[in-house]
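Peer 1: Residue numbers (this note's numbering), protein chains in the order written: chain W, 1 to 192; chain H, 1 to 207.
Keep in mind the hints are simulated off the structure, nothing from the lab.
In this text, a Cβ means the ideal position worked out from N, Cα and C, and glycines have one as well.
Mixed in with the good hints, there may be bad ones.
To be verified - Residues from chain W that face chain H, not an exhaustive set, calculated with beta carbons under 7 Å: (1) Gly105; (2) Ala108; (3) Arg122; (4) Leu126; (5) Ser127; (6) Ala132; (7) Gly143; (8) Arg147; (9) Gly149.
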Amino acid sequence: MVNLKVSCPKYIHLDEIYDDSFLFFHGYSEPFKLSKFDVVKFNSLSLTGVTTASLTVPYPLYGIKTLSQGNGIFVGIFQDFDDLSNTANVVAGKVSVDGKSIALGNTALYEPEVKDFSVDPRITRLSDNTFALSYFQYIGVSGVYTRFGKLRISRIQANQIEGLFIDGLLHDSAIIWQYITYFLYSRCFRSG
Amino acid sequence: MVDPISLNVTVSDASRYSNNTYFSVSHEVVGLNANTYLLLYFDADTGSGPLTVRPVSLVPSSSGVGGLRKVFGVESTLQSSALKDNMYATRINNSTAAVVFLNAKAGNVLTVVLLELNSFGKSAVVSFGSSINLGTGTTLTEVLDGYTYMDIDIEPMAATNASNVESFVVLYSDVSNNGKMTSAYIEVKYWTVQECFCHILLSSFGH
Numbered sequence: 001m002v003n004l005k006v007s008c009p010k011y012i013h014l015d016e017i018y019d020d021s022f023l024f025f026h027g028y029s030e031p032f033k034l035s036k037f038d039v040v041k042f043n044s045l046s047l048t049g050v051t052t053a054s055l056t057v058p059y060p061l062y063g064i065k066t067l068s069q070g071n072g073i074f075v076g077i078f079q080d081f082d083d084l085s086n087t088a089n090v091v092a093g094k095v096s097v098d099g100k101s102i103a104l105g106n107t108a109l110y111e112p113e114v115k116d117f118s119v120d121p122r123i124t125r126l127s128d129n130t131f132a133l134s135y136f137q138y139i140g141v142s143g144v145y146t147r148f149g150k151l152r153i154s155r156i157q158a159n160q161i162e163g164l165f166i167d168g169l170l171h172d173s174a175i176i177w178q179y180i181t182y183f184l185y186s187r188c189f190r191s192g
Numbered sequence: 001m002v003d004p005i006s007l008n009v010t011v012s013d014a015s016r017y018s019n020n021t022y023f024s025v026s027h028e029v030v031g032l033n034a035n036t037y038l039l040l041y042f043d044a045d046t047g048s049g050p051l052t053v054r055p056v057s058l059v060p061s062s063s064g065v066g067g068l069r070k071v072f073g074v075e076s077t078l079q080s081s082a083l084k085d086n087m088y089a090t091r092i093n094n095s096t097a098a099v100v101f102l103n104a105k106a107g108n109v110l111t112v113v114l115l116e117l118n119s120f121g122k123s124a125v126v127s128f129g130s131s132i133n134l135g136t137g138t139t140l141t142e143v144l145d146g147y148t149y150m151d152i153d154i155e156p157m158a159a160t161n162a163s164n165v166e167s168f169v170v171l172y173s174d175v176s177n178n179g180k181m182t183s184a185y186i187e188v189k190y191w192t193v194q195e196c197f198c199h200i201l202l203s204s205f206g207h
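Please work from the sequences and hints to get the whole structure.
Peer 2: What follows is the structure, encoded as structure tokens:
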């Protein structure tokens with residue numbers, strides 16, 4: 001069993017990234033304004049797992065979605081909460097085959113000015129390199145909007161950080177534990 | 001080390017698909033294949049409304065992102081439903097998806113409904129298929145109005161790029177059972193939207 005100690009995330013999500021590992025992200029708004037990714041490899045026989053890589057980014061992610069399972073490619077959707085802008089963006093990332101590192105690519109702006117999301121923006125996979133978005137927009141003509149996007153993979157440009165294990169405050173670890181339990185539970189069904 | 005590549009994302013122009021200005025409108029997007037996705041929302045400018053689905057087809061374009069542009073299909077509304085809070089959907093195959101939501105019009109029961117897409121482009125339309133209720137809803141209504149919110153999730157039991165999903169799991173907090181995290185394992189038995197759900201296995205766990 002994997003038990004990550006994290007401090008009150010506002011958003012959490014799990015997505016399988018390789019057959020033997022998944023990407024767990026937890027996003028924060030106030031006061032942290034950051035998000036963390038953890039790559040967790042699991043052992044289907046003993047239903048245990050180990051965190052093999054972590055990455056922290058200085059903005060709150062709302063969701064991630066695996067685009068290309070087996071190649072480690074995913075996309076994330078986030079809003080910039082700095083004091084100068086409230087932009088909404090998409091970022092792409094890749095987990096290495098050995099699960100030991102995470103790299104992020106460029107961020108693509110999809111709204112130049114948004115108010116604080118009271119409703120989560122949503123992202124879905126269309127193919128190994130395309131996705132679609134749905135989000136609520138207050139500014140200008142308010143309503144629910146959609147866009148689609150494309151990911152182009154070429155030579156390296158991304159930053160990467162390896163091997164930081166998260167050990168924060170234990171406020172809401174129960175739900176994290178349950179979420180991971182759920183994932184392992186699901187895998188148990190599938191393998192059975 | 002991550003393989004030596006870069007990841008460059010581009011996004012298309014924005015399209016407003018609903019003029020709902022309610023501050024916490026529930027909405028969802030689910031991709032069916034490389035050229036089709038479904039937009040789900042409740043159709044009202046108040047705190048609740050019926051589930052509405054609108055398909056989007058991506059058709060060739062000379063100037064769009066990836067050489068594609070959006071074409072909206074026909075809206076479909078499930079009149080027997082009323083959504084207030086979160087909903088989540090998952091793909092089953094290239095023309096079918098499942099959505100889970102708390103149905104305020106049926107005693108706040110947690111409902112899973114199949115959606116089937118017919119046609120492509122402007123004539124694309126979604127039909128609502130069979131549904132199942134997780135719990136009776138009776139106990140859920142004991143929760144005071146405004147407190148029926150609970151986070152829910154629906155995940156396929158298959159790889160991301162699987163052609164067909166034969167089963168999926170709904171995860172929710174069961175307010176009729178002290179809010180325990182509960183998973184419903186649902187096997188899709190038949191590939192028609194009218195006759196599909198079988199083998200539901202409920203399991204509660206956690207605190």
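Peer 1: Report holds or violated for the interface hint on leucine 126/W, using the least CB-CB distance to chain H and a cut-off of 7 Å.
Peer 2: Since chain H brings a Cβ to about 4 Å from leucine 126/W, closer than 7 Å, the hint holds.
Peer 1: Hey, does the glycine 105/W contact hint survive, CB to chain H under 7 Å?
Peer 2: holds (3 Å)
Peer 1: Taking the closest Cβ pair, is glycine 143/W under 7 Å from chain H?
Peer 2: holds (4 Å)
Peer 1: Let me know if the C-beta of glycine 149/W comes in closer than 7 Å to any C-beta of chain H, holds or violated.
Peer 2: Nearest chain H Cβ about 4 Å off; hint holds.
Peer 1: Can the hint on serine 127/W be confirmed by a CB-to-CB distance to chain H that is less than 7 Å?
Peer 2: holds (4 Å)
Peer 1: Holds or violated: the hint that alanine 132/W contacts chain H, with Cβ atoms closer than 7 Å.
Peer 2: Cβ of alanine 132/W sits 5 Å from chain H, so the hint holds.
Peer 1: Does the CB of arginine 122/W sit less than 7 Å away from some CB of chain H?
Peer 2: holds (5 Å)
Peer 1: Hey, does the arginine 147/W contact hint survive, CB to chain H under 7 Å?
Peer 2: holds (5 Å)
Peer 1: Tell me if alanine 108/W is really an interface residue toward chain H, meaning its C-beta lies closer than 7 Å to one of theirs.
Peer 2: Holds, because the Cβ-Cβ distance from alanine 108/W to chain H comes to roughly 4 Å (cut-off 7 Å).
Of the numbered hints stated above, none is contradicted by the structure.
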